[in-house]
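Colleague: Here the protein sequences come in this chain order: A and B.
At position 366 of the first sequence the residue is numbered 366 (our numbering), and the sequence of numbers has no breaks.
At position 277 of the second sequence the residue is numbered 277 (our numbering), and the sequence of numbers has no breaks.
If you're looking for bench data, these hints aren't it; they were derived computationally from the structure.
Glycine is no exception: its CB is placed at the ideal position from the N, C-alpha and C atoms.
Be aware that a few hints might be false.
Partial list, derived from the structure: chain B residues whose beta carbon lies under 7 angstroms from chain A [what the hints assert, rightly or not]: (1) Ala38; (2) Glu40; (3) Phe42; (4) Ser99; (5) Gln102; (6) Leu112; (7) Leu113; (8) Gly116; (9) Met243; (10) Asn270; (11) Ala288; (12) Leu290; (13) Glu333; (14) Met337.
There are 2 protein chains.
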Amino acid sequence: MEYIFSDRVQTLKPSAIREIFKYAADPTVVSLSAGNPAPEAFPAKEIAEISARLFETDPIAALQYSVTEGYSPLRSFLTDYMKEKHSVGSELDDILITSGAQQIMDLASKALLNEGDVVICENPSFIGSLNTFRSYNARLVGVPIESDGICIDELENALKREKRAKFIYTIPNFQNPSGVTMSLEKRRALYELAKKYGVLVIEDNPYGDLRFSGEFLPCIKSFDTEGLVIYAGSFSKVISPGMRVGYTIAPKEIIQKMVVCKQGQDVHTNIWSQLVCFEFLSKYDFDAHLSKLREIYRKKAAYTMQLMDENLTPNITYQKIDGGLFLWCDLPERVDMQKFCLDAVKNKVCVVPGTAFMANPEDKTNSFRINYSTPTDEQLKKGIEILGKMAKEL
Amino acid sequence: MEYIFSDRVQTLKPSAIREIFKYAADPTVVSLSAGNPAPEAFPAKEIAEISARLFETDPIAALQYSVTEGYSPLRSFLTDYMKEKHSVGSELDDILITSGAQQIMDLASKALLNEGDVVICENPSFIGSLNTFRSYNARLVGVPIESDGICIDELENALKREKRAKFIYTIPNFQNPSGVTMSLEKRRALYELAKKYGVLVIEDNPYGDLRFSGEFLPCIKSFDTEGLVIYAGSFSKVISPGMRVGYTIAPKEIIQKMVVCKQGQDVHTNIWSQLVCFEFLSKYDFDAHLSKLREIYRKKAAYTMQLMDENLTPNITYQKIDGGLFLWCDLPERVDMQKFCLDAVKNKVCVVPGTAFMANPEDKTNSFRINYSTPTDEQLKKGIEILGKMAKEL
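This is chain A alone, in the form it adopts within the complex (with noise of 0.2 angstroms):
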């Protein structure tokens, strides 16, 4: 049988980073081409304990067929949270229980996006949303990012020329996989340039919470007085990426094509997972939880550092961090950047290419992206270490 897949993803492939991971499989490789958050990050015994405790008082609660628009306690204890923590939601909006955030540009996609439609993004971006917004047709734009996010004279240029552009995808706070967080000027301007042109914004914000330096800067759904942003949020990096429990907050019609969509997708998320986040927010100390693991990615991230810059300067340049879970390196243009990733794997240590983070294929960088959260320490240091010593040879 010869089969015809549809013209949506004849061209799809699989993620270039998990083309990676076969060889950070390999347990002699040093990874630091993950994005799973620290072990030691996860509040393990408190999940144990709520969930025998949901068996032991209303199992069927945690096992039944459940509402597509999601449990409704937490809708309402996030919605309540988000507004008084982040001034996130308004009467314009509504709120959907999604399968992990991955879920939120699958539904907004789906509902928003005819074939050939533009999505701007930051240039690099998130490579799980990109295939996402590539496996319905839309074409990517991208606008490079500068050390305070996205350059926002080359966003107005695109906005300007592109006129199919339905919305603009950005992760304002320590972006995967630049590491770089949007300036407060450059939110606003971002917001009054998706007025201006009457587009839409996904605001993904997975590591928003895990800022261990720096001041907190508002999220750009804090400005959104004309319904125009789509909040992405997760618990992905502050309880668990295994439950795939996500959130978003979005203009009410959105949020409804959204939940037909979702009722056709896998009906509703993980029931007994929305239970057990829904008691640890509201039942467990969540601040302390977070100031937890602030400090076990500010001490990782700073170790980190300190190994990078002993070992690569002054060929591997990177951009300090604030928060999140990556690392973004530079090197030489001499430098034949797909040729050092590849050569590291050789040398047993697996880095993530720059290019698989761009929007479109003739987009250049010299760049590649570290995770520090996923390896020990000691792992940390032999890998760094390896890179080290490749960087001096360049």
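For chain A, the structure is supplied; the task is to place chain B on it using the hints.
Modeller: Here is chain B on its own, set in the frame of chain A:
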């Protein structure tokens, strides 16, 4: 802001069943409109036990990111189990763990359907799947279902006529909503027609294990020498629907595309629940558990059919069932079915009008669906007695 949605969701509406659920939420209304497993059918004690053990031994495995294809030991177990028990799966096939069987419909549609492609389905059929196909702008062509399954002549007519037919969607066991099981002859005939016309088959089998009388019949997938059948399995009816774990056994190339689509949709299925399913299937007596379920449903269905025989005949007729969760009731032609269902709600019993399950709005039916698994025996008695009173007045 005026939102412009994609063409594919412009006309998409929330499931008609959901609208009916609003009435059913009134605690004074007896709901015969759901499709939930009986609460006493959940292995709650075993799940609690397994989960506690997981958190004692390796909590990180349940909480960390995992791979898109699904938990490898679960995939291996199911591959062997389905091969040995049901002759499902060959060297042409691979297996993918999904977030419920509903996601199989979405991933297969995304991978296979261009806008305007045709899906041939039984008429009536499961509204959740039909809505997923609709969400990719597929055209649905319904083929009448008879007491022994889909009408094979009409199926061939449809295949001859519809050059853009991409797949046949069928629920061969205890079909939702009709309760009908396809005969062995028709299973073979359907497969031969798929082969002859070069179309694929999605065999959706959520209720196959819930046979409480009559003889077990082989899956269509067990005849699949050519790689035509996408088999959809689910733990929603035999372990827990709230956990959202399903699996598909399908030709390798199709699985590959579905994996890429799933990566962009939810990265992977809740790994905690995958681990629980694996432990329950592999370390407990799953066959004994299924026997227990069959006994629960045998009793409950017998009680329901007895009530129906006592109360509904002769004005409302139905076909006896050998398994599954649904009964399909036919009204005399002279009766306005929609009005009958609305009157039923006013009389405090909620059933689902058959139109909800038709492939196209113009397809006629004078039937409605009853679910017997969710209500208590007391509720069944009360609800069917109300319907009986209405039947007498017809």
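Colleague: Hint by hint, note whether the structure agrees.
Modeller: Against the structure, the hints come out as follows:
1. Ala38: 10 angstroms, violated
2. Glu40: 9 angstroms, violated
3. Phe42: Since chain A brings a Cβ to about 5 angstroms from Phe42(B), closer than 7 angstroms, the hint holds.
4. Ser99: 4 angstroms, holds
5. Gln102: 5 angstroms, holds
6. Leu112: Holds, because the Cβ-Cβ distance from Leu112(B) to chain A comes to roughly 6 angstroms (cut-off 7 angstroms).
7. Leu113: Holds. Min distance 6 angstroms.
8. Gly116: Violated, about 11 angstroms.
9. Met243: The hint holds - Met243(B) has a Cβ within 7 angstroms of chain A, the shortest such distance being about 6 angstroms.
10. Asn270: 4 angstroms, holds
11. Ala288: With Cβ-Cβ at 19 angstroms, over 7 angstroms, it is violated.
12. Leu290: With a minimum Cβ separation of about 17 angstroms from chain A (threshold 7 angstroms), the hint on Leu290(B) is violated.
13. Glu333: 33 angstroms, violated
14. Met337: 24 angstroms, violated
In summary, the structure is inconsistent with hints 1, 2, 8, 11, 12, 13, 14 from the numbered list given earlier, while agreeing with the others.
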